[in-house]
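Enquirer: My request is simple: use the sequences and hints to build the entire structure.
Protein chains: 2
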Amino acid sequence: MATAQKLSAIINGVMVGDLFSTIEAIKSRSAIAKFKYRVHNQWAGAGQNKSTVDTFYGAGQEQARHKPFVIEADEPAILLGKDMAANPTEHLLHALAACLTTSMVYHAAARGIEIEEVESSLEGDIDLHGFLGLNRNVRKGFQGIRVNFKIKANVPDEQLQEIVQLGMGYSPVFDSVTNGVPVSVKAQRL
Amino acid sequence: MATAQKLSAIINGVMVGDLFSTIEAIKSRSAIAKFKYRVHNQWAGAGQNKSTVDTFYGAGQEQARHKPFVIEADEPAILLGKDMAANPTEHLLHALAACLTTSMVYHAAARGIEIEEVESSLEGDIDLHGFLGLNRNVRKGFQGIRVNFKIKANVPDEQLQEIVQLGMGYSPVFDSVTNGVPVSVKAQRL
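One line per chain: the protein sequences are X and D, in this order. Once you know that position 5 of the first sequence is 5 in our numbering, the rest is easy, because the numbers rise by one and skip nothing. Basically our numbering = 1-based index in the second sequence + 1000.
These are computed hints drawn from the structure, not numbers from a lab. You may find that some hints are simply not true.
Using 25 Å as the maximum straight-line C-alpha spacing, the simulated SDA-like pairs for lysine to any residue come out as follows [as the list claims (entries may be wrong)]:
{"no.": "1", "chain 1": "X", "residue 1": "K82", "chain 2": "D", "residue 2": "K1082"}
{"no.": "2", "chain 1": "X", "residue 1": "K152", "chain 2": "D", "residue 2": "T1052"}
{"no.": "3", "chain 1": "D", "residue 1": "K1036", "chain 2": "X", "residue 2": "G133"}
{"no.": "4", "chain 1": "D", "residue 1": "K1082", "chain 2": "X", "residue 2": "G133"}
Across the chosen pairs, the derived CB separations fall in these ranges [said to hold, decoys possible]:
{"no.": "5", "chain 1": "X", "residue 1": "N179", "chain 2": "D", "residue 2": "E1062", "range": "31 to 37 Å"}
{"no.": "6", "chain 1": "D", "residue 1": "Q1159", "chain 2": "X", "residue 2": "I23", "range": "34 to 40 Å"}
{"no.": "7", "chain 1": "X", "residue 1": "Q61", "chain 2": "D", "residue 2": "R1111", "range": "40 to 46 Å"}
{"no.": "8", "chain 1": "X", "residue 1": "I23", "chain 2": "D", "residue 2": "R1111", "range": "49 to 55 Å"}
{"no.": "9", "chain 1": "X", "residue 1": "N179", "chain 2": "D", "residue 2": "G1112", "range": "34 to 40 Å"}
{"no.": "10", "chain 1": "X", "residue 1": "I23", "chain 2": "D", "residue 2": "K1082", "range": "17 to 23 Å"}
{"no.": "11", "chain 1": "X", "residue 1": "H66", "chain 2": "D", "residue 2": "T1052", "range": "24 to 30 Å"}
{"no.": "12", "chain 1": "X", "residue 1": "N135", "chain 2": "D", "residue 2": "H1066", "range": "42 to 48 Å"}
{"no.": "13", "chain 1": "X", "residue 1": "E24", "chain 2": "D", "residue 2": "R1065", "range": "45 to 51 Å"}
{"no.": "14", "chain 1": "X", "residue 1": "I78", "chain 2": "D", "residue 2": "R1111", "range": "17 to 23 Å"}
{"no.": "15", "chain 1": "X", "residue 1": "D18", "chain 2": "D", "residue 2": "K1036", "range": "37 to 43 Å"}
{"no.": "16", "chain 1": "D", "residue 1": "D1125", "chain 2": "X", "residue 2": "Q161", "range": "20 to 26 Å"}
{"no.": "17", "chain 1": "D", "residue 1": "A1009", "chain 2": "X", "residue 2": "S121", "range": "36 to 42 Å"}
Because the structure is a prediction, the values reported are computed rather than measured. For every residue, glycine included, the Cβ atom is placed at its ideal position computed from N, Cα and C.
Expert: See below:
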């Protein structure tokens, strides 16, 4: 593909020219690559709580949303909740699925690879002996997560696997979940 | 608190008797502690996709929801999205906030500690040099996450810190995010 065509192209819904402009902008001014994402969470009794997602910091300044997004959490009845929303561990699986998918289609777009459809099914194992403190040898978190992608794209088999590797290779949530993140926690009185 | 009172109590919205019944049930039949959580995600172009959360496996059998929950993801315009929903990294922060909060209030309930209000603000740092593949020494994922809790409870200062430690000590998402999880990824044609 000639460069002029490439830069005006929309591939996988991504404005490829804008993607390369972002890359060039970061190359010329490194500090704009630093982002800070935020949520504010409020408890609503038992397993119910909700997060509000609004501003973030990026490209050298505070960034506003046109409207805040609200994300709810609850637990199913079997885990003493009211089953009004997905539970926190399911939200983690959503974050992972969403990030692998977006990373895959953005990086494929940058390489001129067109993708028609992407679906994924994720399953993760948790043993409640951990959460309930019944066995110190059982971890509290996921013991393992399996991701199965189904991809529709007019590419040879080896490129299908390459597309998936782009997701795994560049996804911020995949890196965070597989390699771990330092988390500091403080508390004060309300 | 006498045992009979304790078991009929609702503390922090949690039926304490049901919590202890769950613990006793797991002690007598270990296999019911094994849970499998799932999401199914579908791409909708560029940074947009949504996860459907429905069944899970737990307490020795498949568990249905009365209705599936749908969770959306998108990217802000500055990251070439349509800004219709929180982005994947913000969903990860929500999962972490929600799980720390629920773990804290459940484990406090089991100890008879009443909590009136809980709020938390989370912020995490990402450097796009990682995601965009511009610098191999910069990680793709969160470099660090800061969690600030505000808690209203009629307890002495040291117990306020103990409450927060319960969240960190038992939360499945906190364990997953801080210590990492093995994630396997497969792909096939749709």
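Enquirer: Give a verdict on every hint.
Expert: Structure-based check of all given hints:
no.: 1; hint: X:K82 <-> D:K1082; in the structure: violated, 32 Å
no.: 2; hint: X:K152 <-> D:T1052; in the structure: holds, 20 Å
no.: 3; hint: D:K1036 <-> X:G133; in the structure: holds, 19 Å
no.: 4; hint: D:K1082 <-> X:G133; in the structure: violated, 43 Å
no.: 5; hint: X:N179 <-> D:E1062: 31 to 37 Å; in the structure: holds, 32 Å
no.: 6; hint: D:Q1159 <-> X:I23: 34 to 40 Å; in the structure: violated, 51 Å
no.: 7; hint: X:Q61 <-> D:R1111: 40 to 46 Å; in the structure: holds, 45 Å
no.: 8; hint: X:I23 <-> D:R1111: 49 to 55 Å; in the structure: holds, 52 Å
no.: 9; hint: X:N179 <-> D:G1112: 34 to 40 Å; in the structure: holds, 38 Å
no.: 10; hint: X:I23 <-> D:K1082: 17 to 23 Å; in the structure: holds, 21 Å
no.: 11; hint: X:H66 <-> D:T1052: 24 to 30 Å; in the structure: holds, 26 Å
no.: 12; hint: X:N135 <-> D:H1066: 42 to 48 Å; in the structure: violated, 32 Å
no.: 13; hint: X:E24 <-> D:R1065: 45 to 51 Å; in the structure: holds, 46 Å
no.: 14; hint: X:I78 <-> D:R1111: 17 to 23 Å; in the structure: holds, 22 Å
no.: 15; hint: X:D18 <-> D:K1036: 37 to 43 Å; in the structure: holds, 40 Å
no.: 16; hint: D:D1125 <-> X:Q161: 20 to 26 Å; in the structure: violated, 32 Å
no.: 17; hint: D:A1009 <-> X:S121: 36 to 42 Å; in the structure: holds, 40 Å
When each numbered hint is compared with the structure, violations occur for hints 1, 4, 6, 12 and 16.
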